[in-house]
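Novice: One-letter residues, chain by chain:
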Amino acid sequence: MRKKVLSMLLAATMALSLLAGCGKNTEPDAPASTSTAKTETSTGSSTAAAEPADTPASAVYKGEVNQQTYPISKEKITLTYWYPNASSMGTLADYNDSEFFQWLEEKTNIHIEFIVPAAGEESTAFNNLFITGELPDIMYTQPQYHMYRDGMDAAIDDGYIADISEHLDWAPNYVSWLNSIETAKKDVYTDSGKMYGFWSFWDNIEGGYADQGLSIRKDFLDKVGMDVPTTYDEWETVLTAFKDQLGIEAPFYTSKKGIDHGEFMAGFGIAPRFYQVDGKVKFGPMEDSFKDYLTLLNDWYKKGLLDPDFATRKSTGVAADNDMMLNDKVGSLIDWGTRMTDAYISRGATNPDFWTVAAPQPKKSASDPDPAWREVNNNYRDIQAVCLVVNKESEHLEEAIRWIDSFYAKDVYLNANYGIDSEKDIVWREAEDGHRIGIYDFRYSNPDGLDSATVAAKYWAKNPPVRCEASQIEQMPPERAASYAVWSKYEPKNYIPVTVTMTSEEKAEYTQYYTDIEAYIEENEVKFIKGERSLDEYDAYRQTLKDMGIERCIELQQSSLDRYNNR
Amino acid sequence: MKSKKPMPLIKKPFKERLRTDFKKHWQMYLIALPVVLYFLIFNYAPMVGIVMAFEKYQIKKGIFGSAFIGLAHFKRLFTSPFFWRLIKNTLLISFYGLLFSFPLPIIFALCLNEVRNKAFKKTVQTISYLPYFISVVVVVSILFDFGKANGLITNIASFFGWDGGAVISSAKWFRSLYIGSNLWQHLGYNSIIFISALAAIDPTLYEAAKIDGANRWQQTLHVTLPGIAPTIVVLLILRLGQIMGVGYEKIILMYGPSTYETGDVIASYVYRVGILDADYGYSTAVNLFNSIVNLAVLCTANFISRKVNETSIW
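These protein sequences, in sequence, are chains W and V. Taking our numbering, I'd label the letters of the first sequence as residues 97 to 663. Taking our numbering, I'd label the letters of the second sequence as residues -13 to 300.
Here chain W stands alone, though its shape is the one from the complex:
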């Protein structure tokens, strides 16, 4: 008998250790009790649209006059700043090595301890902040990727994130921006009239820029004697020439998902996932044109016009693998404006003729009207898809808010975008009318031999809350700056703003369906493109999506969009 008991026990121990071994994902003892003290408001009860609080008036236009008093803190304090920009650091070891942040520390008397999660692990790292209960004082978030699971309102209701609308008296510069941009209020308040954080703006540009788009190798085009293509047929001719005449490995580079972010498919009147037409939510893969688009890609894949290894590329987003770009293996791709030509040269492109130019969104025939801009990246509008949020429990709540608010004052954001005052005529120079222009050679042929990414990280702040894209564009040679004009000529409509939010109930139901749907779509799109699944089965594929609940997901997207439109 005893032996049996013992063996049972042993078995249990083994099994349990196995369990525990596999159970890396179970979250033990979330220290929720530590911060439960204040708000016991249940999450997600915020469906009822509360009256947004009135934004205080401001006599200042867009932070022209800095209304903060410095230093912000009499004693030196340290704030922790979650700053998921590991891939933008260049060779910098710590963002405190940045001249701008050193200057800001001196001005504000606030030391910043940067917490930089590993590149590619940002979303996971963001989720983990909430589980460990050790939120940094300030978090730089791109809400598409870094979002509290139950949404913006819940993050505030659950007591993690400070509702900025309660503290606007500490943020006079931000308030001046809210008063200066007509459409901003709709975006900066949540459905229940709270303020999730500090959203980012563009300097002096109504509606912003498209800062990414189609890019093609001009030197290759010259070699094959062709112009920048504008229709799908022209694209095919050009890509074929790249492949046949120049032997380019990836005439058209896509991320591992095989489809673009909306730039290339826009000519088919569709978007990669959710988009809206006149307030009605649509889902790309459910549309008939999506099949046509995949048919095109499948054809191109067979002809070798797409990257034959696209499905195994690491990149899931914008921009190609660096070594492929630098070694002339890519003919065209989706890229950032700041990356064009010289950025690659400063990173070590070997070909002295290396030259990329922007290409317009292709159309089916030259006489078609221009497609809309409906890309998933939300930057091409009044506010950008970047939001700085503050830990509600922060010991230095006021200082943290004032520190962020500083970025909305002109004297600070100029330094953040162009380089600090004392770097005049080294990092930036003054134009005749007194405004700043970055010095092109300093960035792209740096006297210290730094590459362009390191220069940006060392002398500026990476994507500060007020972005002067002019700092990038104006200094560029005209043929490079032209890319922004090419990408930004499309009407920015049909996208779903990043500030559209679901309630926590909606979000829970939505994820339940959509997680599997997204995986299923990604898998099948690759198969359709590679021809592993016949496009004749597209209707069956759509039926599966319906069975998986895509229609409910569209409904949920629709109701959150409706609430947004009624704000």
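Among the clues, some could well be false.
Think about it this way: if two alpha-carbon atoms lie no more than 27 Å apart in a straight line, the pair counts; the simulated BS3-like pairs of lysine-lysine are [said to hold, decoys possible]: (1) V:LYS74 <-> W:LYS352; (2) V:LYS236 <-> W:LYS352; (3) W:LYS488 <-> V:LYS74; (4) W:LYS642 <-> V:LYS61.
Hints in this document: simulated from the structure, not taken from any laboratory.
Mind docking chain V on chain W? Use the hints.
Specialist: Same frame as chain W, but now just chain V:
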């Protein structure tokens, strides 16, 4: 426990026995303490988290405050379109893994055992387990390089008539590459335990066999194999216990949308919903289901083994 005679003494109560035993052997208890603590703290305490599988888990409310929703997560799992595929992929990768990577180290150890030249034997052994020390990230990078459209493996495959492009992004190749690279990496290391078991076989048995006229092959069959049989069986049972436990690390490094069809296993699914989508309640439920199946397989294997050849882990 069938004693013919009646107990001579009335058994003392458990507490008392423990106390006297503890006084007598307290050093032993002390030695065992760290291990016991380790299991309690790192393996037992976290199991409280399993309740999350039955909750609509919200970070704010914590493990004990979240709303109880019964078996809803399990219902979602069983009705998921991926459910059967996940089970199938997990089992197949495990099964093929077992099929190749279990017997081969034994065969390798047996071969090595026959080698007379000490220096040669040592060299082969060392070289064979060197790959074990390579990080799995590096191994997967090598696979990606060899498996791309014009990579080594793809070229070899094309030579034999394959025309599906890069093998690394082909669902048909996923298991072969996964198991093949595992084998390459672990063959030598996994054979160590058998080599040491072989060394422990009494040499007089071989002498006796030789006198009886057994040739090398017969010696292997009748002396060597029975000698290491207990080791083999115990290791096999332990391996069976992990049949649902395909590690997610290598999978998530290797798979992608194009290879989900054969590469997506329960562990990688848990990783996606749990870590990437922060759906902790659901991912706990999936993992719990996985562990229960695992436990059942382990118990069955052990039961069969005990019945058949009286070797078992308990």
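Novice: Sort out which numbered hints this structure fails and list those numbers smallest first.
Specialist: Per hint list: single violation, 3.
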